[in-house]
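Using the sequences and the hints given, assemble the complete structure.
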Amino acid sequence: MQIWEAFKMALSAIRANKLRSFLTLIGIISGVASIIAVMTGISVIQKTIEKEMSVLGTRTFQVQKFAAGGPTSEEEQRKIMKRKVVTVAQADAIREKVKTVDLVGSELWDFGYKAKYKNISTNSNLTICGGTPEYPENNTHYVRLGRNLSHEDVKVGRKVVVLGHAVAEELFPFTDPIEKRIKVDGRRYKVIGVFEEKKSAFGAGFDNYCLIPVTVFQRTYGRFNKQGRERSVNVTVRAKSAELLQDAIEETRMVMRFERNVKPGEEDDFTVFSNDSMIKSFNDVTAGVKAGAFLIGLIALIVAGIGIMNIMLVSVTERTREIGIRKSLGAKRRSILTQFLLEAIVLCNIGGVVGVLAGFGLGNVVSILTGFANAVPLEWAVGGLVFCTIVGLIFGMWPAVVASRLDPIEALRYE
Amino acid sequence: MALEIQNVSKTYMMGTEAVHALQSVSLSIEENEYIAIMGPSGSGKSTMMNVLGCLDTPTSGEYYLEGEDVSKMNDDQLAEIRNQKIGFVFQTFNLIPRATVFHNVELPLVYSGTPPAERILMANDAIERVGLTDRATHKPTELSGGQRQRAAIARALVNKPTIILADEPTGNLDSVTGREIMAILDGLHKAGNTIILVTHEQEIAEHAHRIVKLRDGQVESDVRPNRVGRNADVVLN
Ligand SMILES: Nc1ncnc2c1ncn2[C@@H]1O[C@H](COP(=O)(O)OP(=O)(O)O)[C@@H](O)[C@H]1O
Ligand SMILES: [Mg+2]
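So the protein sequences, as listed, match chains H and W. FYI, the numbering for the first sequence is 1 to 415, going by my numbering. FYI, the numbering for the second sequence is 416 to 652, going by my numbering.
It should be emphasised that the hints constitute simulated quantities derived from the structure, not laboratory data. One thing to keep in mind: the hints can contain errors.
What the hints assert, rightly or not - Derived pair list, reagent style BS3-like, types lysine-lysine, alpha-carbon separation capped at 25 Å:
| no. | chain 1 | residue 1 | chain 2 | residue 2 |
| --- | --- | --- | --- | --- |
| 1 | H | Lys263 | H | Lys97 |
| 2 | H | Lys198 | H | Lys183 |
| 3 | H | Lys8 | W | Lys487 |
| 4 | W | Lys487 | H | Lys18 |
| 5 | H | Lys116 | H | Lys159 |
| 6 | H | Lys332 | W | Lys605 |
| 7 | H | Lys190 | H | Lys155 |
| 8 | H | Lys18 | H | Lys114 |
| 9 | H | Lys332 | H | Lys79 |
| 10 | H | Lys118 | H | Lys155 |
| 11 | H | Lys332 | W | Lys575 |
| 12 | H | Lys65 | H | Lys332 |
Here it is in structure tokens:
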């Protein structure tokens with residue numbers, strides 16, 4: 001007997017018992033749907049975060065005092081707070097000594113300021129970056145209008161500013177901002193440029209800032225921030241090519257260790273990270289969630305599998321006479337076995353398909369609600385169906401064996 | 416010789432008590448014979464049919480079907496014999512309720528691995544032979560008893576077996592419908608099939624050319640009555 005025939009028989013049997021088939025399937029559906037929903041949800045967030053994290057170019061990495069993406073424990077936090085600050089001088093050392101890099105920028109950040117032009121004022125949620133001309137390249141955020149900071153501006157300490165898109169929109173709704181004089185935190189600056197718009201799924205944070213020469217920042221705001229802590233420079237470094245990125249990171253670490261007198265054997269007292277390393281640490285976090293969801297789904301599927309076995313045993317008993325008829329017509333053991341096994345597998349896979357679709361739907365609710373990129377992790381869909389097949393195979397085997405071994409006469413006599 | 420059983424016994428164990436359903440029965444049936452097996456209830460008729468139909472194996476004795484020793488065969492070999500050489504007609508029809516007449520009739524062909532195109536032709540041909548073409552897409556529950564038994568006969572003959580085994584085929588039918596069914600069986604006999612018929616009705620048994628009577632699992636009599644009257648058309652056998 002061909003598989004196709006057994007398949008048709010299986011479908012006909014499932015159709016003949018729609019309600020019972022459906023009830024049995026709820027277990028499979030919820031198991032598969034929960035796995036797929038979590039995986040889809042994570043994929044959605046992952047895709048979005050990867051996009052967001054691509055602030056640094058593929059050749060760029062950053063050196064800073066603090067951990068990328070925040071500390072993971074209190075103990076680590078205390079250790080990090082005790083680190084020495086990173087300085088512009090260290091950035092200069094990297095520029096001088098590391099041969100595999102071409103751009104080295106310095107950034108100092110502070111937030112909670114106001115910008116004013118004539119009688120228009122922003123909220124006091126403006127972020128100020130004291131930076132260098134490498135800023136746009138190393139952050140892949142380019143100047144759309146006017147010009148970038150020049151080395152001259154930094155050296156001389158000119159009071160010039162490049163505005164983020166949102167700030168420019170707010171202060172200059174109708175006029176050209178270039179060459180206009182504005183006040184930032186009560187101090188006068190000349191607008192020399194405007195950044196391109198940089199949308200973010202996480203809010204408007206990436207546009208609501210302005211860039212001034214790092215020297216002006218230091219002169220204006222001093223060594224200590226509002227909390228009284230010494231300011232630490234973020235050093236952005238660009239490798240000469242993407243292939244050289246790892247070498248550049250290694251050499252930079254060596255230079256930084258030397259500059260900061262880190263003894264051999266001691267761990268780095270600074271953090272180096274690239275896009276890859278940030279995405280990797282995000283993936284480390286989600287791996288746990290994924291494993292948890294997988295385990296829960298697995299348990300649900302095993303429970304569902306036992307349900308399938310139960311219902312198949314009931315089905316075999318109910319159809320004892322049918323089995324007897326089939327045997328009297330010449331069905332061999334294998335034909336009966338195939339028929340019932342396939343019935344269990346088809347049943348599981350119907351549940352699997354519904355579960356996968358439901359899971360995709362549920363998982364993408366996040367993306368529909370937030371405008372995140374939507375995701376359809378097909379490998380999990382395929383995996384889910386393969387798994388359903390295995391569940392059907394394992395839990396359908398015993399009832400199918402029972403069916404195939406029925407004695408034809410006993411079966412025909414069954415009422 | 417189409418079928419031959421020698422000293423066949425069948426013993427069932429009911430708890431500790433042995434029930435001798437067949438006791439050392441020997442019987443030879445020629446090709447294209449039309450034979451009725453009669454006897455009171457519990458005399459072993461069905462047991463005999465099951466053995467002859469390869470649904471059951473005897474406890475002891477030998478069974479040759481078209482020269483082959485069937486008593487030593489395993490489940491799957493017996494299944495193949497049933498599929499190829501034997502067609503069953505049961506008192507309770509034994510159709511699969513959720514399948515249409517066509518699909519019921521097609522089933523033996525599915526198990527013999529006949530290609531789909533051929534299957535359709537053969538199944539429709541068998542359905543036509545029993546005059547059920549206009550009911551082919553109906554389910555058994557939508558048919559009368561006579562129509563169900565005709566569907567069962569179509570299924571029995573679809574694989575072109577040589578032997579048709581009918582266990583009380585008219586037992587659940589009124590006498591008019593019973594006669595219709597017997598007419599079909601008579602036709603199959605004329606077409607060359609060996610027909611073995613179990614019945615307890617004399618009128619039905621008279622369609623056959625040989626009547627074997629069982630009692631307590633043994634052959635009580637084995638006669639070839641003189642053909643008269645309405646069965647004159649098959650006397651020529
Ligand atoms: N599966 C079985 N288990 C036990 N006893 C059986 C079984 N099948 C038949 N018998 C017994 O064997 C005897 C013959 O039964 P059967 O062949 O069905 O008789 P008939 O068809 O002539 O009425 C009866 O006594 C019956 O009770
Ligand atoms: Mg009987």
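Here is how each hint holds up against the structure:
1. Restraint check: the Cα-Cα separation between H:Lys263 and H:Lys97 comes to about 19 Å, which is no more than 25 Å; the hinted pair holds.
2. The straight-line distance between the Cα atoms of H:Lys198 and H:Lys183 is roughly 23 Å, inside the 25 Å bound, and the hint therefore holds.
3. Of the supplied pair hints, the one linking H:Lys8 and W:Lys487 is violated, its CA atoms being roughly 34 Å apart against a limit of 25 Å.
4. Restraint check: the Cα-Cα separation between W:Lys487 and H:Lys18 comes to about 43 Å, which exceeds 25 Å; the hinted pair is violated.
5. About 15 Å separates the Cα atoms of H:Lys116 and H:Lys159, which keeps this hinted pair within 25 Å; it holds.
6. Taking the CA atoms of H:Lys332 and W:Lys605, the gap is about 31 Å. The hint is violated against a cut of 25 Å.
7. With a C-alpha separation of about 16 Å, the suggested pair H:Lys190 and H:Lys155 falls inside the 25 Å cut-off, and the hint holds.
8. Straight-line distance between C-alpha atoms of H:Lys18 and H:Lys114 comes to about 67 Å, which puts the hinted pair past the 25 Å bound.
9. Taken as a hint, the H:Lys332 and H:Lys79 pair is broken in the structure, with Cα atoms around 73 Å apart against an allowance of 25 Å.
10. For the hint pairing H:Lys118 with H:Lys155, the CA-to-CA distance comes to about 29 Å; that exceeds 25 Å, so the pair is violated.
11. Distance hint between H:Lys332 and W:Lys575 is fulfilled; the C-alpha atoms sit about 19 Å from each other, no more than 25 Å.
12. A hinted pair counts as satisfied when its Cα atoms are at most 25 Å apart, and H:Lys65 with H:Lys332 does not qualify at roughly 75 Å.
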